[in-house]
Each structure stands twice: as C-alpha cells, then as structure tokens.
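Chain by chain, the residues:
Number of protein chains: 2
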Amino acid sequence: MGQGLVTDLYELTMAASYLLRGMTEPATFSLFVRRLPPERGFLVAAGLDDALRRLEELSFDDSDLEYLSDHGFDANALEAFRELRFDGDVWAIPEGHVVFPNEPLLEITAPLPVAQLVETVVLNQITYQTALTTKATRCVLAAAGRAALVDFSLRRTHGIEAGMSAARAAAVAGFSGTSNVEAARRFGIEPVGTMAHSYIETFSDERDAFMAFARDFPDRTTFLVDTYDTERGIQTVLDVADEMHLHGPLGIRLDSGDLLALSIRARNMLDQAGRPEVTIVASGGLDELDVERLLDAGAPIDVFGVGTRVGVSADAPALDSAYKLVEYDGRPVMKLSPGKESRPGPKQVYRSSLAQPDLLATRSEATPAGSKPLLSQVMRGGERTAPPPSLASVHERLSQDLAALTDQAKRLHSPEPTPVEISPALEAVTSAVRADIRAASAPDSG
Amino acid sequence: MGQGLVTDLYELTMAASYLLRGMTEPATFSLFVRRLPPERGFLVAAGLDDALRRLEELSFDDSDLEYLSDHGFDANALEAFRELRFDGDVWAIPEGHVVFPNEPLLEITAPLPVAQLVETVVLNQITYQTALTTKATRCVLAAAGRAALVDFSLRRTHGIEAGMSAARAAAVAGFSGTSNVEAARRFGIEPVGTMAHSYIETFSDERDAFMAFARDFPDRTTFLVDTYDTERGIQTVLDVADEMHLHGPLGIRLDSGDLLALSIRARNMLDQAGRPEVTIVASGGLDELDVERLLDAGAPIDVFGVGTRVGVSADAPALDSAYKLVEYDGRPVMKLSPGKESRPGPKQVYRSSLAQPDLLATRSEATPAGSKPLLSQVMRGGERTAPPPSLASVHERLSQDLAALTDQAKRLHSPEPTPVEISPALEAVTSAVRADIRAASAPDSG
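First to last, the protein sequences are chains A and B.
Read in order, the letters of the first sequence correspond to residues 1 to 446 in this note's numbering.
Read in order, the letters of the second sequence correspond to residues 1 to 446 in this note's numbering.
Honestly, the hints are just simulated from the structure, not real lab data.
Treat each hint with caution, since some may be false.
Identical chains blur together in the list; that is why a pair holds if it fits in one copy or across any two.
[Unchecked claim] In silico DMTMM-like links for lysine to aspartate or glutamate, alpha-carbon gap of 25 Å or less:
no., residue 1, residue 2
1, K340, D302
2, K340, E416
3, K340, D315
4, K340, D229
5, K372, E421
6, K410, D436
7, K372, E427
8, K410, D302
9, K340, D208
Bound-form chain A, shown alone (with noise of 0.2 Å):
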C-alpha cells in the first residue's frame, strides 16, 4: 500500500492545486511548538526517526489513486501524484535535546506540493513522540535516581503503534526496562515483568501460585502480593524463599492499597527475616508526581513500574504544534492571525548552555562565539545524511542537557522555562515581512 492518503484532504488539495499551476518551487516549513502545556518547563525533542521513515515511505499506488479519481481529483493531479516522493532537504533538532517553544524541531525544503504533502505525518510524528518522551523525563527527574522506573504501559496507550512509541520514549528517559516485548526486541529494552493477579487466582492458594511460579521462572521470581491480602502475601513470599532455598534476585510488588506505609512494612518484614536484597516494585495507576511524593515520604521502593498514565502523557496529551510555511521561491512568508503569528524564513536555534537563553536566529547568520547550532541536516535530496542514532546515543544526548538544565525549568511544580531570544537579524526579517503584508492588503493598496 502507498501510504499518500494517510494525510489530511486539504494537504492533497492544495498539492494538486500547486501542480497544476507548476507552483513547484522550493518550499521550507518549520516545526515548532507554539507554548508549553500547563506544568512544562521545556521538552524533549523525539519522534524524528519515525517522521524521516514517514517522507521515505510517501508514494501513491494504483488503489490511492483510484480512490483520489473517485473524489475530484483529475488526471493531471493524479499523474503527479504517481510519481511524487519525498525529494527534499530536512534540518533537525536530533532526538533527545531539551527544546523550548518557538525553536523549530525541523525544518524541511521541499518542491511545494511535496512539502505540503508531508505536513500530517510529520507534525503526528513529532507531536505525540515529544509530549511522551516528555513525560516520561519527567518520571525520571522525579525518581533522582533513588529507584528504577519500568514502562507497563502498552494496555492503555492510544493503539500499538503509540505503545511502541511509549516504551521507546521511556527508554530514552532513562528507565530501566519495559514490559513491552515487541518494543524490547525492536528497540533493544530490557524486557521486564512479573505476574498477574490472575496468576495467582488460577491456583487453590497463593502460596501454590509462588511455589509454581519459582519452579517455573527461578530468576525471574518477583511476586506480585496483594492479590487478597498485602502483609499476609508478603509473608507467604518469605515462607516460600526459604522452604525453596530461594537466593537468586528476588522482589515483590506492590499494586493496590497505601504505597507508602504498604513499603514501609514490607521493607521492615523482609528486612526483620534476614532478606534485605528482596526489592520492592510498587505500581499501579502511578505519574511522576506519585513517584516523587513516595520517595520524598522515605518510602523503601526500589522500582516503580508507571504504564497509563505516562504512556498517554494523561495531564498533557498534546503539544500545541505547528507547521508553518517560512518561505517560497525564496521569499519569506509569515501569517498574522491573532495569536499564531508566525516567523518568517529558515531558522537555526543556537545555544550555548542551558543555563543561557537559546538564540533563535535565521538560518544563514553566523554561529555567535561560544554557542552551537542545534539544527543539523539530517536529509538531503530525501535521503538521511546519517543512519537513525542508536537509543544509548538519544539517551545520552537527553542524560547531558538534563544535568545542564535549570532547576527552574525542571522542577515538577509550576516549571519556568528558560526564555528564548530572537536575533537582530529574525527581528529584522519578521518586522520587514509583516510590512510588507500589510501594505499589500491595505484598503488602499488594492
């Protein structure tokens, strides 16, 4: 199947519509993020890998094109269509950079109906991967390293694809692991699990289910003990451990119930029958906030498995993106409607540090001393300048700018991003070209 429909209409339209009127010169548009959802201080840039796999995806078969006969599209538009791919040149923010508003995440240049085309796919791509990579940093500011975090995501996600997408944004977060099988293999994770209340149901008792269990899976022996009651499973588990000899690495977990005062009691029980290496896993419904106020109560868990909550980024979805056309045939365009206006021409974000304000600038000036450019071309003529980053790299990247950012713009509550400034020569540019709009549609210019 090609996969040109799997775009808005408009997108199709205005690309016929420049086809037949051989309004194929260059086009760039960039992709940004308008303003921060409530409770974000910056975000982290994802979703690029997808995105440039989308543009080399992009094609018509015979069936799209039917289907595009069948609904006002005449054979010359059609023919286009036939032979359109994506030819054209991306800039990027790679993955895992912390980004602010109003920076472009990517650029593209394209042939107009081309670059016009892709604008579904891309901002999809970009907008969803960059709210959950997001999120889920946002797990891992709040665990400081005081305990693990496993992504148990996929059952909640908005679709398979978005559970993928999950388990890949918390794995360049930083957590340990996910419960995600398909995501692990693809993507290289740790995969990770322990039972399921129905594991223990299907024997006449717990302590049955555990013994089974242990039998069956001696190093993968961490038992899930609130099935019917959380101190008296807790006990069953010890009971087990030592009736079996048990010594590999064990752990329980902790699903239902008070979280804090339930690890408490465990971590006093384990550690009172001579077992302190049994780790504490606590899950169930858990956001980055539960995280941070359990390990800031002391409470003794050792991993926190987060799944719905993180994986649809349940108090910020969406990002207020955008995909807006810079410049055409060489000159810089800009709309004005209230409260989305936009800049005009190609951009480059330079950056110093993070403790800094980012300069968002035009794209041909000059690198200012000490800064670096944090857009790079990662396409040309359609083809990817580099193969797609590893996970350990994007990890990476994501690990360094974190330990750069500010604690205002990372903090949980109430985040402040870093402000961005805007170059002379942008200012330049936008206060030219927004004239230049208003003189051409003022009443007496017409």
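Here the structure of chain A is known, so what remains is to put chain B in place on it, guided by the hints.
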C-alpha cells in the same frame, strides 16, 4: 511477522508456566471499566472489531520464538507458542452501545494460557477506542443538531493508528466527515477539507490565492479567511465570488480569534452581501465545551472542525479498564485487592431501558421479563460469528441509545451515570467466593 510479542512480558511468562503445568482448562476473563473519568456520565463501547482482528492474527513466527528463546523461555514453551492460535469464545457488547462502569464490554473464554496472552492487546484496543468514541459522542451531544461536526484530528493523535481510530470514532458518534483521507477510504466516511494558511501565503496576495483555489476546485470552495485579517478576508471572498460568479456551495473558515464575535460579524457580512447560503466553518483547538458554549451563545456556525482535543480525548485520555480472571476450570474466582475487587464468574448485562438501571447478572440466569441481554457471542472457537457490523449500523445503535439515555447521564457538565444493579445470583456467588478465599487464606487454615 507474528503478533505474539505484542504483549506484556508477564503474559508470556504466565502462559509458559501454565503450558508447562498442563493448566490449559478453560478460563474466562472479563473486561470492564471500573469507574468513569470525571465529566463522563456514560461510555460508548468501541474497539471490538479491532480487538477481534488482533485475536485472529495471534501467532508466533520463527523470529518471535528466537527472541523468546534468548530471554529465558524453554523449548517446551516455544513449541507450544509455535502452535498457539486464538481458539476461544468471545462474548461482547456490540460497538456503539452506551455502557456504564462494571459492565463487561467483553468476556473471553479460552484455554488459560491463550486467554491470558491476549489481555494486553484486547485491553489496549477497547480502552482507547472507547475513550475516543465517548469523547466524540460528547461533541455530538454539544452540537445537538444545531451544527455539523467534522474530524480534523490526524495531525496530533497518538500515532497514525490512533488517527484512524479517532476518525472512525467520530463517524460512529455522528460526525459528517473527516479530513483523514485514508480513514475516509477505509471506513467509507466523507473526506472533507478546506485550505491551509500556507496556501494563502504562497500567493502574492489573498485574492489571488482564493481565485486560484476556486478555479482549481470549484466544488470545494471553503475559504480560510484569517491568515492576515478576518474581516478583510471575508470581504475578499465576497469580491472573488462575485467576480468569478461562484454559485456552488461556498464556505468560509474561521480558525483563530473570538469565534463568537467573528462568526456573527461574518454572518452579517455574508447576508448583507446577498450570500445567505455561504456556510461558516469554525476550527482551532475546539472541544465539546467550546461547541456548546458557542452555539448556546448564538454563534451562527454551521460546521465545527474539531481535532486535537477530541482525537486524544484530552480531559480523559485513558479509562480505568481491567481484564480480570473470573472463572478457571469451572471455578469462579475474584481478587480482593483494596479498590480493585472483582466479581466472579461469566456475566451478562440485562437492560430494559436506558432510563432504568441495568442489571449486572451471572451469564447463566434467565433474562428478566422486559429486558434484553447486552452481551452476545461474537466469536466461537476463534471464528467470528458474524462479519463486522457496518459503521452505519454502529452509529445507528449509538443514536438509539442516546435518544433513550437520561439527561442526567448525557449532560456535559457533572453528568451522573445511570446506576447498575447487581442480580441476587451474582451477589450470592460473590459472597460465597469471597468467603471461600478468606477461609482458605486465614492463618489457622494452615
């Protein structure tokens, strides 16, 4: 590729343990939502068709088995997985029905390892599609026939798969079209679209852009008027329409600013120019509360394009769904975890009318007089009992349910679900099983 690894590791671990132990007697799992999110008075059952398709596709190929072999699964388990297919029975509430908490949306009976393995994908598909369809239905309730709705969500859904589901959810709810062309083709929905700001900006002025578009797509002329200045944009549309003698269906789209004031102003301008037939489309970050507020205030908006906030169900992006073992080998089971207690045994929901409480009952008891069972068998021995229903029939089912639903459950603000009653037989088995578990796990029982 097999789909067997698209699951949580613990499903595979438990399935392997069951297979090793010959624990392959029939198990029944029940999928339900424990409680409604805030501001929901009902849910709309959805996702069943995709869930069943996932069941049909369950299999493990060589590469899946090789991965599992490298991750602690032994040869016996791998051989069993190689042969494994979904061969169970499924009962479900058909898509489009209004449902309430604790009512099983779906129940699966299959050999224990199989019924366990499919938990993750079935929960995934039903949870998010039910959330999205419920959200879209709230938009239809907000519009209340006063305006049409179209889906513009693809660019910010959680992936392309979610975008397809969001478009389908919208059509089930009663939206009249979607911008998502692939979804339009796949589900037989009307594809809809206008133009983007970028289209206007590629021309030297707005007038040239409108004229070009009208010439290229004379039957698709909804003009986006807010790129530079909305009132001037509307005047330009009127000028172009006169100059080009446009008499097909015309529309304007407002995508920013004060939509109430602008739509009133636009309506006046259009009417005074003798163009009462020109429709007004509004878009831009809208949700069902905006739709209700604007229409209640008298905004003369004919069509709302709703996107992101509906396509991610922004205020309730996930549901508190569960997939719980309720019977194994003829023995009813339940868990007692605080706040997560489940009810044992296969179930049925009997409904007399949506103005009366539904009856949650055991599956084997007789249908009460005047009631109908909501769950029907949709799969037998791994085969569907009927082809998937048409989207039109799912929409019709929902429409009938909405017509019968109480105003308390339907209203957008602080709705109250119709309560669900428990049959005496289900209460009895619940009490009996609870007592059995408590007796079995009491300290003095050994």
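Results for each hint:
no., hint, verdict
1, K340 x D302, "between (45 Å within a copy, 23 Å between copies)"
2, K340 x E416, "within (22 Å within a copy, 38 Å between copies)"
3, K340 x D315, "both (23 Å within a copy, 23 Å between copies)"
4, K340 x D229, "between (55 Å within a copy, 12 Å between copies)"
5, K372 x E421, "within (15 Å within a copy, 65 Å between copies)"
6, K410 x D436, "neither (40 Å within a copy, 51 Å between copies)"
7, K372 x E427, "within (20 Å within a copy, 68 Å between copies)"
8, K410 x D302, "within (23 Å within a copy, 44 Å between copies)"
9, K340 x D208, "between (63 Å within a copy, 22 Å between copies)"
Against the hints set out earlier in the document, a violation occurs for number 6 only.
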